[in-house]
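Assemble the whole structure, with the sequences as input and the hints as a guide.
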Amino acid sequence: MATETEKKPVKKRATTTKAKTKSKAKPKKNLVIVESPSKAKTIEKYLGSTYKVVASIGHIRDLPKSTMGVDIENDYAPKYINIRGKGDVIKGLKKDAKAAKHVYLASDPDREGEAIAWHLSHILDLDLESGENRVVFNEITKDAVKDAFKQPRKIDMDLVDAQQARRVLDRLVGYSISPILWKKVKKGLSAGRVQSVALGLVIARENEIQAFQPDEYWTMDSEFKKDKTTFKATFYGVDGKKLELPDNEAVQDILRRLNQKSDFDITKVEAKERKRNPQPAFTTSTLQQTANTQLNFRTRKTMMAAQQLYEGINLGGKEGSVGLITYMRTDSTRISEIAKADASTFIHEEYGAEYAATKPVQGKQQEGAQDAHEAIRPTSVFRTPASIKDKLTNDQFKLYQLIWSRFVASQMTPEILDTMAVTIEQNGVMFRANGSKTKFAGFTKAYPAAKEKDNKLPTLTVGDLVQLAKMSPEQHFTQPPARYTEAALVKALEENGVGRPSTYAATIETIQKRGYVRIDAKKFVPTELGELVQNTVQEFFPDVTNIKFTAEVETSLDNVEAGKENWVKVIDDFFKPFSKELTKAETEMEKIVLKDRLAGFNCDVCGAPMLEKMGRYGKFYACSRFPDCRNTQTIVEEIGLGCPKCGIGQIVERKTKRGRTFYGCSRYPDCDFVSWDKPTEKTRADGTTPKDDEVADTKAEKETEQAK
Numbered sequence: 001m002a003t004e005t006e007k008k009p010v011k012k013r014a015t016t017t018k019a020k021t022k023s024k025a026k027p028k029k030n031l032v033i034v035e036s037p038s039k040a041k042t043i044e045k046y047l048g049s050t051y052k053v054v055a056s057i058g059h060i061r062d063l064p065k066s067t068m069g070v071d072i073e074n075d076y077a078p079k080y081i082n083i084r085g086k087g088d089v090i091k092g093l094k095k096d097a098k099a100a101k102h103v104y105l106a107s108d109p110d111r112e113g114e115a116i117a118w119h120l121s122h123i124l125d126l127d128l129e130s131g132e133n134r135v136v137f138n139e140i141t142k143d144a145v146k147d148a149f150k151q152p153r154k155i156d157m158d159l160v161d162a163q164q165a166r167r168v169l170d171r172l173v174g175y176s177i178s179p180i181l182w183k184k185v186k187k188g189l190s191a192g193r194v195q196s197v198a199l200g201l202v203i204a205r206e207n208e209i210q211a212f213q214p215d216e217y218w219t220m221d222s223e224f225k226k227d228k229t230t231f232k233a234t235f236y237g238v239d240g241k242k243l244e245l246p247d248n249e250a251v252q253d254i255l256r257r258l259n260q261k262s263d264f265d266i267t268k269v270e271a272k273e274r275k276r277n278p279q280p281a282f283t284t285s286t287l288q289q290t291a292n293t294q295l296n297f298r299t300r301k302t303m304m305a306a307q308q309l310y311e312g313i314n315l316g317g318k319e320g321s322v323g324l325i326t327y328m329r330t331d332s333t334r335i336s337e338i339a340k341a342d343a344s345t346f347i348h349e350e351y352g353a354e355y356a357a358t359k360p361v362q363g364k365q366q367e368g369a370q371d372a373h374e375a376i377r378p379t380s381v382f383r384t385p386a387s388i389k390d391k392l393t394n395d396q397f398k399l400y401q402l403i404w405s406r407f408v409a410s411q412m413t414p415e416i417l418d419t420m421a422v423t424i425e426q427n428g429v430m431f432r433a434n435g436s437k438t439k440f441a442g443f444t445k446a447y448p449a450a451k452e453k454d455n456k457l458p459t460l461t462v463g464d465l466v467q468l469a470k471m472s473p474e475q476h477f478t479q480p481p482a483r484y485t486e487a488a489l490v491k492a493l494e495e496n497g498v499g500r501p502s503t504y505a506a507t508i509e510t511i512q513k514r515g516y517v518r519i520d521a522k523k524f525v526p527t528e529l530g531e532l533v534q535n536t537v538q539e540f541f542p543d544v545t546n547i548k549f550t551a552e553v554e555t556s557l558d559n560v561e562a563g564k565e566n567w568v569k570v571i572d573d574f575f576k577p578f579s580k581e582l583t584k585a586e587t588e589m590e591k592i593v594l595k596d597r598l599a600g601f602n603c604d605v606c607g608a609p610m611l612e613k614m615g616r617y618g619k620f621y622a623c624s625r626f627p628d629c630r631n632t633q634t635i636v637e638e639i640g641l642g643c644p645k646c647g648i649g650q651i652v653e654r655k656t657k658r659g660r661t662f663y664g665c666s667r668y669p670d671c672d673f674v675s676w677d678k679p680t681e682k683t684r685a686d687g688t689t690p691k692d693d694e695v696a697d698t699k700a701e702k703e704t705e706q707a708k
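With the UniProt record's numbering, you'll find the sequence shown wraps up at 708, consecutive numbering, no jumps.
Worth flagging that the hints you see were computed from the coordinates, not collected in a lab.
Honestly, I wouldn't trust all of these hints.
Said to hold, decoys possible - DSS-like, lysine-lysine: derived pairs with alpha carbons at most 30 Å apart:
1. K94 to K186
2. K94 to K154
3. K318 to K522
4. K26 to K261
5. K45 to K398
6. K453 to K154
7. K242 to K398
8. K52 to K94
9. K437 to K79
10. K318 to K52
11. K389 to K513
12. K453 to K142
13. K95 to K183
14. K45 to K228
Right under this line is the structure:
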């Protein structure tokens, strides 16, 4: 009898003719490495899902901070190390590179960017000989990025060598001179190839100011009246010849010839048309200068905001993250043909054909300019500042508006002015009046900040009679040259061929941090410490402080970039004579003792005498029992003006930790009056003056006109 099991039919496992499918491995992605996360985000959006874009967060290798890091005996070979704190970043980059189909290095398109790419290639063990890993683009837009990836290239070793030469040269100078200064003068001091020249310029200007001998001169500004309209004129000369007024006696001679109650004759009227051409689009240097003068931006602030605009701003919607300006480190005023065509279209549509220039202004290239990139311009002229204002920070908007306006203006026609020069005479005494009125706005339609203010004259013809309404003889004295503002110092460095605009922000910050200069009314003033250091360096290392020599070194570095000179030879030509100066300084430089002076009062904590000491941010008071007593006091200087807010305290000059000068009430914190500008008798309790009202009114007028 069959068992129960045997009776049940056995089910057979179903078979299929289809082969069992294996799970497919995910396709490898292309890896793109850039410097910053914001730039990575923007580029990844353009490249799509087959690319992974990551950031190295700047440099990953550099010379060590604790030692020279240069093998002088072995062709100045730099001893690079991985930057401290970058371990996790490097580990992640290696992992991503190992898993990638291909690795692209898309750091910035300049010497430093090329060096970053070269360092990455070493860390990731990429093929430098045959591999085409380097991708560069001047603007972060979809078309520019995609086109760049169609033509990758090898790393340009001339650019890398130029960056290495600059880095090694600066390290040799800084790490050789600074220890001598620490030993002979004071710890914490430094000297540098560019910073010493910058400091030298500030000190030389201060010496000019101190040595300046003023000359007396007089002016005779007058007001004349025709019918009920008054206009201003200035004294010109006598009997057809221009005449200076050196003293009051000369003025009195003129006044004796005049009958101020009689009529004056209009003897000459010259009406002309004058054209004002727009300036070219910005270079790095001109952007830094203009942002400083028009926006009151420090150089570092300008470059930070420009970097953000270049790397990409999230505009939301379909656009997402977009690079708004072209690369901001450039010495060129060149504009691409596509950008010119777009600008022409925009100007035709927005302002009219008469505003579009057929031959836009061509900027004059600075001597030695590399012309590697275009001028700084918006990536799309159609992306107006007003249209994206709500997506930008205040600083980003101001800078973008400045860049956009300057670029659009550079592609427009000149401003046309009707001018009139009038000669007014009586008894051979001549006065001149000049008037102007905008006939055609031209480029100022897009760039109102560049517009000249109208100075209208009444309708005057030869033979007309006018009456003297007011005459104001005034004594003057010639003024010394002005101290350097940040914009003026940047301009001076560029004109002298010292350093490069991309390094100016760091250079200026260094001389402030070291306490070599302070800022007074937005102008640089050398400190005693700065002058001491500069004089010491100048005595033993004259080439380091010599403008001409430093500019020649800069030219040699540019020749390395162009492949015309070997970087080791450039370093060697500098270092051999420099090393002899080092030996001489080590043996002959005498130790300088910075003596503390008695302050003239006692410590309010322990009663010991207070001393006047020299610190990084200038002089300060400290207790003579330091370190047992750590009481310190800021040295404040009264400016001879009472506080406009409380009416009790005195206005004193103070300094921030960064060395910037400001003014406040001596009764602080009981009175919180504060002002960046030096107060005058007209300063109000809120720190404003009538002049601020005029500026505000002018700004409001411009904004109203622009809105119209």
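*Of the hints stated earlier, which fail here?*
1, 3, 4, 6, 7, 9, 11, 12, 13 and 14
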